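Protein sequence lines correspond, in order, to chains A and B.
The first sequence begins at 93 in the numbering used here and counts up one residue at a time.
The second sequence begins at 93 in the numbering used here and counts up one residue at a time.
No lab work stands behind these hints: they were computed from the structure.
The reader is advised that the hints may include incorrect statements.
In this list, chains with the same sequence are indistinguishable; a pair is considered to hold if it fits within one copy or across any two.
[Said to hold, decoys possible] In silico BS3-like pairs for lysine-lysine, Cα to Cα no more than 30 Å straight-line:
hint, residue 1, residue 2
1, 356, 300
2, 283, 215
3, 356, 402
4, 303, 377
5, 300, 283
6, 159, 275
7, 275, 402
8, 303, 275
9, 363, 283
10, 377, 215
11, 215, 400
12, 303, 400
Just so we're clear, the structure is a prediction, and the values are computed from it rather than from any experiment.
Protein chains: 2
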Amino acid sequence: MSQNATTASAPAPAPVILTGDRPTGPLHLGHFVGSLRNRVAYQDEYRQFVMLADAQALTDNMDDTEKVHRNVVEVALDYLAVGIDPTRSTIFIQSQVPELAELTFYYLNLVTVARLERNPTVKTEIALRGFERDIPAGFLTYPASQASDISAFKATLVPVGEDQIPMIEQCNEIVRRFNRIAKRDILVECKALVPEIGRLPGIDGKAKMSKSLGNTINLGDSADQIRAAVKQVYTDPLHLKVSDPGHVEGNVAFLYLDAFDTDKAALEEMKAHYTRGGLGDSIVKKRLDLVLQEMLEPIRTRREEFAKDKGQVMQMLKEGTMKAREVAAGTVDEVRRALGLSYF
Amino acid sequence: MSQNATTASAPAPAPVILTGDRPTGPLHLGHFVGSLRNRVAYQDEYRQFVMLADAQALTDNMDDTEKVHRNVVEVALDYLAVGIDPTRSTIFIQSQVPELAELTFYYLNLVTVARLERNPTVKTEIALRGFERDIPAGFLTYPASQASDISAFKATLVPVGEDQIPMIEQCNEIVRRFNRIAKRDILVECKALVPEIGRLPGIDGKAKMSKSLGNTINLGDSADQIRAAVKQVYTDPLHLKVSDPGHVEGNVAFLYLDAFDTDKAALEEMKAHYTRGGLGDSIVKKRLDLVLQEMLEPIRTRREEFAKDKGQVMQMLKEGTMKAREVAAGTVDEVRRALGLSYF
Numbered sequence: 093m094s095q096n097a098t099t100a101s102a103p104a105p106a107p108v109i110l111t112g113d114r115p116t117g118p119l120h121l122g123h124f125v126g127s128l129r130n131r132v133a134y135q136d137e138y139r140q141f142v143m144l145a146d147a148q149a150l151t152d153n154m155d156d157t158e159k160v161h162r163n164v165v166e167v168a169l170d171y172l173a174v175g176i177d178p179t180r181s182t183i184f185i186q187s188q189v190p191e192l193a194e195l196t197f198y199y200l201n202l203v204t205v206a207r208l209e210r211n212p213t214v215k216t217e218i219a220l221r222g223f224e225r226d227i228p229a230g231f232l233t234y235p236a237s238q239a240s241d242i243s244a245f246k247a248t249l250v251p252v253g254e255d256q257i258p259m260i261e262q263c264n265e266i267v268r269r270f271n272r273i274a275k276r277d278i279l280v281e282c283k284a285l286v287p288e289i290g291r292l293p294g295i296d297g298k299a300k301m302s303k304s305l306g307n308t309i310n311l312g313d314s315a316d317q318i319r320a321a322v323k324q325v326y327t328d329p330l331h332l333k334v335s336d337p338g339h340v341e342g343n344v345a346f347l348y349l350d351a352f353d354t355d356k357a358a359l360e361e362m363k364a365h366y367t368r369g370g371l372g373d374s375i376v377k378k379r380l381d382l383v384l385q386e387m388l389e390p391i392r393t394r395r396e397e398f399a400k401d402k403g404q405v406m407q408m409l410k411e412g413t414m415k416a417r418e419v420a421a422g423t424v425d426e427v428r429r430a431l432g433l434s435y436f
Numbered sequence: 093m094s095q096n097a098t099t100a101s102a103p104a105p106a107p108v109i110l111t112g113d114r115p116t117g118p119l120h121l122g123h124f125v126g127s128l129r130n131r132v133a134y135q136d137e138y139r140q141f142v143m144l145a146d147a148q149a150l151t152d153n154m155d156d157t158e159k160v161h162r163n164v165v166e167v168a169l170d171y172l173a174v175g176i177d178p179t180r181s182t183i184f185i186q187s188q189v190p191e192l193a194e195l196t197f198y199y200l201n202l203v204t205v206a207r208l209e210r211n212p213t214v215k216t217e218i219a220l221r222g223f224e225r226d227i228p229a230g231f232l233t234y235p236a237s238q239a240s241d242i243s244a245f246k247a248t249l250v251p252v253g254e255d256q257i258p259m260i261e262q263c264n265e266i267v268r269r270f271n272r273i274a275k276r277d278i279l280v281e282c283k284a285l286v287p288e289i290g291r292l293p294g295i296d297g298k299a300k301m302s303k304s305l306g307n308t309i310n311l312g313d314s315a316d317q318i319r320a321a322v323k324q325v326y327t328d329p330l331h332l333k334v335s336d337p338g339h340v341e342g343n344v345a346f347l348y349l350d351a352f353d354t355d356k357a358a359l360e361e362m363k364a365h366y367t368r369g370g371l372g373d374s375i376v377k378k379r380l381d382l383v384l385q386e387m388l389e390p391i392r393t394r395r396e397e398f399a400k401d402k403g404q405v406m407q408m409l410k411e412g413t414m415k416a417r418e419v420a421a422g423t424v425d426e427v428r429r430a431l432g433l434s435y436f
């Protein structure tokens, strides 16, 4: 609620979550830890919208639109496999809700170029992609698009990493600016929901597990692929002999066990043993392989089940998209009226 | 057609015109000379779309959305009054064709921020409005929106002033870039249609007749208002006595007569007389008043007729908007398919 809210006495709206992914490749353990696992929990507590952000993915994939198209159903399969339930979450395709583009169009008038250029998340992403002065306008302005995605569903909670908090702030600035123009609180401010467990490193020890870095374990990976990946997992480069004391900090095998091993007592014991020396990497990795295989096997099996009938998955997406459109269309209608863009 | 057109052997499409106005105030003689008069002629030769650009008007009128809303029907009345015929031209309201916002959203990925910042028209307009670094993003990106308006209707001709030619070039760049991605010519390049008669100066002699400068004669002005305005028309400040030789160049009274007096012989005679001395401003202005009254009286009368039933005017706009939507939706469908954004 903005400080000058005129409806301060109205009851707080039920929490609504907006979350999603850019369908540019298979989802991996990093997604699982950072968001997917939480979504499965959230869907019981909140009204949850899960967006396949194909239109947003195009902002830097105009040279490979086919990749984005192909991955929509793949990511949907990942969702279903981990237990996101279309009867409890609304899963939809961004581009098929054109109301989101319409809202973005209006929000572009509510944010200055200077403000967009100051957005730390945008700055970082621009540097990461090496755009420099050749930033596509759609990339610079994507905070307006995100504000549209969030506010169209009047989402109050947006699960994001620490680094995405400036996007949430920018969204709320747009919301407040719009409500000031509308002279009433039509749009709703949201809060970042930062997961307790931070980012999962890649198997190579790099800070981020990322498809483009080739250091992922994907949710759909076969048992053999998982085994091969675990073998490559970065441990302690100074731990040369089994008898040497090893380091647990920055050791990806232990970081993964921290994230996924439910037997915390055994894990603590293993860490102590590794630290004082006498525990080989192969034992640690054997445990990691076991934990990951046990966790990913049912996910992979469900994924394969759902993948047998992609038509049904598309039907599920169609129904979710229709539901999402209805909500977004309601917001667009309010926005248009407030801007005097209602005539007939 | 782009140089790498793959359909070079296909017949050229029928000429389509996209034109329109920002509904921010009543239309005036400047509009009449620069565009309205031509549109009445074009509608017999071409398929003509006439857009009430309310959404674009918001880019710098977010502080007065009511003004934009109110002027939609007023500008539509001006159109009808001058003879733009809804059975021969498709008159529509931009914001009610959300497909235009959707196209804009995609086109933002096809133009860089640097390119938008180099656009001379945008540069000039930014300077004019004193935006400096606080340009609304929607203002910087409005060439993408214009490209959307033009290409949605596959317009091949766009009537614009000399100063708007960079906008047309930018539109064509977006069209070519899109067609390259689509690997076929889905969108159509357009040409600027620059009117033979240039810009009409204001009654005060300033280069541009403009509502914001308060130097207009509006199409709906009463006979008294026209008479009062003609009295104020800037002539020759050195022509103090009737017997003095007068200057025709830069003399707004004669510039207006050049634009509107159909009796060219009498006008030439009057100019010669004025130049050699012995012809008072009052005689010239009397002629100008007569010419303008004769020209504007039937326009005003028709305007008043149509204004009696604004409901009917809105109905006409609704029908035009539906027709426009159908065409734009067809283009959006092609664009979506080409970008892989088609699923169900």
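Results of checking the hints against the structure:
no. : hint      : in the structure
1   : 356 - 300 : within (24 Å within a copy, 78 Å between copies)
2   : 283 - 215 : within (22 Å within a copy, 37 Å between copies)
3   : 356 - 402 : neither (39 Å within a copy, 75 Å between copies)
4   : 303 - 377 : within (22 Å within a copy, 76 Å between copies)
5   : 300 - 283 : within (24 Å within a copy, 49 Å between copies)
6   : 159 - 275 : between (43 Å within a copy, 16 Å between copies)
7   : 275 - 402 : between (46 Å within a copy, 28 Å between copies)
8   : 303 - 275 : between (45 Å within a copy, 28 Å between copies)
9   : 363 - 283 : neither (37 Å within a copy, 72 Å between copies)
10  : 377 - 215 : neither (38 Å within a copy, 61 Å between copies)
11  : 215 - 400 : neither (42 Å within a copy, 55 Å between copies)
12  : 303 - 400 : within (25 Å within a copy, 65 Å between copies)
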